[in-house]
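Peer 1: Sequence:
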Amino acid sequence: MKPTLVVMVKEPRAGRVKTRLGRDIGMTAAAWWFRHQTRKLLRRLDDPRWHLLLAVAPDQEGLQSRVWPRHLPRIPQGRGNLGDRMARLLRGLPAGPVVIIGADIPGVTPRHIQQAFQTLGTQDAVFGPAPDGGYWLIGLKRRFPPDQSLFQGVRWSSEHALADTIATLPDYRIGMLDVLQDVDTVADLHSLSA
193 MKPTLVVMVK EPRAGRVKTR LGRDIGMTAA AWWFRHQTRK LLRRLDDPRW
243 HLLLAVAPDQ EGLQSRVWPR HLPRIPQGRG NLGDRMARLL RGLPAGPVVI
293 IGADIPGVTP RHIQQAFQTL GTQDAVFGPA PDGGYWLIGL KRRFPPDQSL
343 FQGVRWSSEH ALADTIATLP DYRIGMLDVL QDVDTVADLH SLSA
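Here the sequence shown is numbered in our numbering, starting from 193 and rising by one per residue.
Just so you know, these hints were derived from the structure itself, not from any lab.
Don't take each hint at face value.
Taking CB as the label site, the calculated pair distances span [said to hold, decoys possible]:
#1 Ile366 x Gln252: 34 to 42 Å
#2 Gly313 x Ala206: 36 to 44 Å
#3 Gln344 x Asp324: 29 to 37 Å
#4 Ile366 x Thr220: 35 to 43 Å
#5 Gln256 x Lys232: 19 to 27 Å
#6 Arg231 x Glu351: 25 to 33 Å
#7 Pro302 x Gly345: 29 to 37 Å
#8 Gln252 x Thr314: 35 to 43 Å
#9 Leu264 x Ile217: 35 to 43 Å
#10 Thr220 x Gln306: 22 to 30 Å
#11 Arg262 x Gly325: 17 to 25 Å
Model, not experiment: these values are computed from the prediction.
Beta carbons are placed, not taken as given, at the ideal position from N, Cα and C, and that holds for glycine.
Start from the sequences and build out the full structure, keeping to the hints where you can.
Peer 2: Structure follows, in structure tokens:
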């Protein structure tokens, strides 16, 4: 059974994606950056070692979008905060290892994804930490559906997001990957190009 890589994407419309970056460089420029960053990422990660699946938002528009490659299967993210949406994905997919990433991490390579799945061979969960205290990747072995407490009480978009998420997995053996930078602001773009 092949493992599953889920990439969470939003329809790249000005004012809908990367709004913090948009405040720095303009909403249209931020949407353009996200669209092209995501295209490059999907080309790089479309690999026969795993099933690549897009979790799209908004649901209807994302399912019908012509922006994303047609050959990639899509499922709706649904409503709620990031934790609600990721928990729904982790509970709704068939049993087996699943890794979830966002599309705004330019440094992700197939090597990182393969390393995440290899880590799930010996660990129950894996994280790719971000320098701001959050994370760019979460993966679960998923022999059973995740507990209902998964992601409960996580302070999203804060320096506590990773620690809070780990706290919702009390008996899990947890592995860590490389620290990678996501792009939320123009300062993040500058630090990546430096």
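Peer 1: Given the hint of 17 to 25 Å, check if Arg262 and Gly325 actually sit that far apart at their C-beta atoms.
Peer 2: Violated, at about 37 Å.
Peer 1: If I claimed the Cβ atoms of Gln256 and Lys232 lie 19 to 27 Å apart, would that claim hold in this structure?
Peer 2: holds, 23 Å
Peer 1: Given a hint of 25 to 33 Å, does the C-beta separation of Arg231 and Glu351 actually sit inside it?
Peer 2: Holds, at about 30 Å.
Peer 1: Looking only at beta-carbon atoms, does the pair Gly313, Ala206 fall within the given range of 36 to 44 Å?
Peer 2: With a Cβ separation near 42 Å, Gly313 and Ala206 satisfy 36 to 44 Å, so the hint holds.
Peer 1: So does Leu264 sit 35 to 43 Å from Ile217, Cβ to Cβ?
Peer 2: The hint (35 to 43 Å, Cβ to Cβ) is violated, given that Leu264 and Ile217 are roughly 28 Å apart.
Peer 1: Return holds or violated for the Cβ distance of Pro302 and Gly345 against the range 29 to 37 Å.
Peer 2: Once the Cβ atoms are compared, 33 Å apart, the range 29 to 37 Å for Gly345 and Pro302 holds.
Peer 1: Return holds or violated for the Cβ distance of Thr220 and Gln306 against the range 22 to 30 Å.
Peer 2: Violated, since Thr220 and Gln306 (Cβ atoms, about 35 Å apart) do not stay within the stated range.
Peer 1: Is the hinted range of 35 to 43 Å satisfied by the C-beta distance from Ile366 to Thr220?
Peer 2: holds, 40 Å
Peer 1: Quick check on a hinted range of 29 to 37 Å for Gln344 and Asp324, using CB atoms only.
Peer 2: At roughly 21 Å between Cβ atoms, Asp324 and Gln344 fall outside 29 to 37 Å, so the hint is violated.
Peer 1: Does the Cβ-Cβ separation between Ile366 and Gln252 fall within 34 to 42 Å?
Peer 2: holds, 36 Å
Peer 1: Holds or violated: 35 to 43 Å for the Cβ distance of Gln252 and Thr314?
Peer 2: holds, 40 Å
The structure shown violates the earlier hints numbered 3, 9, 10, 11.
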